[in-house]
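Can you make the complete structure from the sequences, with help from the hints?
Protein chains: 2
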Amino acid sequence: MTEILPLAGLRVIDLTRVLSGPFCSMILADLGAEVIKVETPGEGDPVRAQGEMRDGLSWYFAGFNRNKQSITLNLRDSAARDILRRLLADADAVVENFRPGVMVAMGFGPEELAKINPRLITGSISGFGATGPYKDRPSFDFIAQAMSGFMSLNGPEGTPPVRAGNPISDLVAGLYCALGVVSLLLRRERGGPAGAAATSLTGAMIGMLGFAAANHLATRQLPPRTGNDHPVSSPYGMFRTADGEIAIAPPGEAMYRRLLKALSAEEIATRPEFVTNADRFTNRAAINAEIEARTTRHTTAHWIEVLNKAGVPCGPVMNLAEVFADPQNIDQQVTGLIEHPGHGPVEMLTTPLRIDGAVPPLRTPSPALGEHTDEILASLGLSGTEIAALRAKGAI
Amino acid sequence: MTEILPLAGLRVIDLTRVLSGPFCSMILADLGAEVIKVETPGEGDPVRAQGEMRDGLSWYFAGFNRNKQSITLNLRDSAARDILRRLLADADAVVENFRPGVMVAMGFGPEELAKINPRLITGSISGFGATGPYKDRPSFDFIAQAMSGFMSLNGPEGTPPVRAGNPISDLVAGLYCALGVVSLLLRRERGGPAGAAATSLTGAMIGMLGFAAANHLATRQLPPRTGNDHPVSSPYGMFRTADGEIAIAPPGEAMYRRLLKALSAEEIATRPEFVTNADRFTNRAAINAEIEARTTRHTTAHWIEVLNKAGVPCGPVMNLAEVFADPQNIDQQVTGLIEHPGHGPVEMLTTPLRIDGAVPPLRTPSPALGEHTDEILASLGLSGTEIAALRAKGAI
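In order, the protein sequence lines correspond to chains U and A.
The first sequence begins at 185 in my numbering and counts up by one.
The second sequence begins at 185 in my numbering and counts up by one.
Rather than coming from a laboratory, the hints here were simulated on the basis of the structure.
Don't take every hint at face value.
[To be verified] Stretch by stretch, here's where chain U covers chain A in the computed footprint (C-beta under 8 angstroms, at least three residues): (1) 346 to 353; (2) 400 to 412; (3) 488 to 498; (4) 552 to 565.
We put the beta carbon where it would ideally sit given N, CA and C, even for glycine.
Below, the structure written as structure tokens:
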């Protein structure tokens, strides 16, 4: 267990819902921040009702909302907005993923926020950005994958573009927003202004185009989808073995020579059609056939041992059951258990960040809807009578 | 232009190469840090010779190394290691993506680093993590995609697993490492210890499994690859239009009703086989056919206007040329130009973070190999004679 989590003692008001924003605030919570999740009375975050349920608990919701508290506030009600104002006055950051303009319409635009709390940092995630012709369009992970160019690169050669199997744009945007918020907390701590960090689902994914974007900007050529082949390196890809398949990625000449040696196929190096990477790229089918003629002689496990010993990056494609049963991933504690009152232990992904060599802990289970409403309102000085009145009029 | 970049005045020593580490240090540099990239004399970062070259300049290298300085140090030479020691003594953070153990072997293990500079923060990226049975294995983006479970989810239904078209595990791990470093800079600034942040390519990708992991942990069922269909929501996916295709993502009942209304197909809502999402999931082919019977009546552009107006998330699959020509992306300044001496203006992706509403600027072009060696050594107090001696013996 980490002695001091990096964001310990900092308070974040979380106005987000579904995935990208809650992932951002989950990261902040995992790093030690006190995160107060603001939810609509009655419904709450729609994810509470999504994914596989066990005894009425969504494990999807539980994973993305651990380490947070929940208060219900109906932000259409002015008394609830006043409560939010008081929460913001005492917070370090607020994160939101409303469409651009909604915060302003609710009375929480940048000027108002600066008046409420000049030290407050804002983190925002939108579909397309805060300005521009598409700023008011609704968005969603799939649309960002399509419109960012990501899908144009993803999928097997000769087949239509395909979205990633996970909601990658939501997650990358959430991660960027968390980084932006933490960097502004640092700036403020060093005497600078509070300020606002923002990103968008589409922008975050454009930022992940990597060398495909660089090569396109240099040449204006469109990169093809290359499936499991590398766009420029050869050999590289999935190869059949005696009992399955193995991914082999030997980037560069030195690694290629190591691969041939490990395959006992050093004579291939001298064949004129395979001398340079460019030759092997031109004759990809032929070099792949030569590699596979060797890999099919032994099992995947054999080659994983032999190639790793030779320093050649390789591995099997693992499904989720294999991932979570893998000894390396168990060593790395990629999942953790936390007791949910009334639901028993719930297993969930931990954060992939290690702080001082340790996994930031699962401190508290995901909250029931409004679990902390009374406690938080009492901490603001509201009496039981006042809280009951707010509840009676549907403000909380 | 942002007045005060969040990491202005902080110095990062960058021992990384290729992609994941340089992406991490690029993010830190974009946020304002002074990043000193340490490269091997003669060769430097292998990416200098990768990707499309224009007049001898790799645009791939240029993009990922803007805003950095370059010093050459041959870390096999003790005099060069002494220079590194002096650089670290005056730095705020060091980032590295050596295999676990290499820093210790070079004399820069955690204890030595704490002696050199107790305020120094370490950011590390490895293939599989700092401990565990695979810690010494070489890794690579493709292997992390395969072994994290990501590939098991990615690709069209009924086809083999496929890697993402971009080096997503390198980039996500780099982003996590940047977040870890910044969060520790914040902790230090608030009076806490310096400390170490670490992540791995495989761990970072496992952390992006999203609801697939949650559902698997709840049920132990293996999620199928669903291509462009949503694993639980229907209708959802790519639909043909009169002149192409459109991605439509109407999550939830309210959005589904809006879609039907926009398609003038409200009668579908009452058909018994399409009442609930579960019904539509069971009868996915039939509901998709009904949707497509409408979408094929008009062009993609027509439906983008109509559906967005109705509040239904939708969009075309865009290739990279379309992405960079798109008015929204131009408004968002997803690329920028920076003058490279001797090479003219180079266009590259900007960071997707907006700080105080502005794009963190491209301040300086990617450095020539060792461009800042003499200047940095002089700032450490080395004389011209000493620098020449180091160069003569191949230490710099």
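A quick look at each hint next to the structure:
1. 346 to 353: holds (count 7)
2. 400 to 412: n = 11 at 8 angstroms, threshold three: holds.
3. 488 to 498: holds (count 5)
4. 552 to 565: violated (count 0)
The structure does not agree with numbered hint 4 stated previously, though it agrees with all others.
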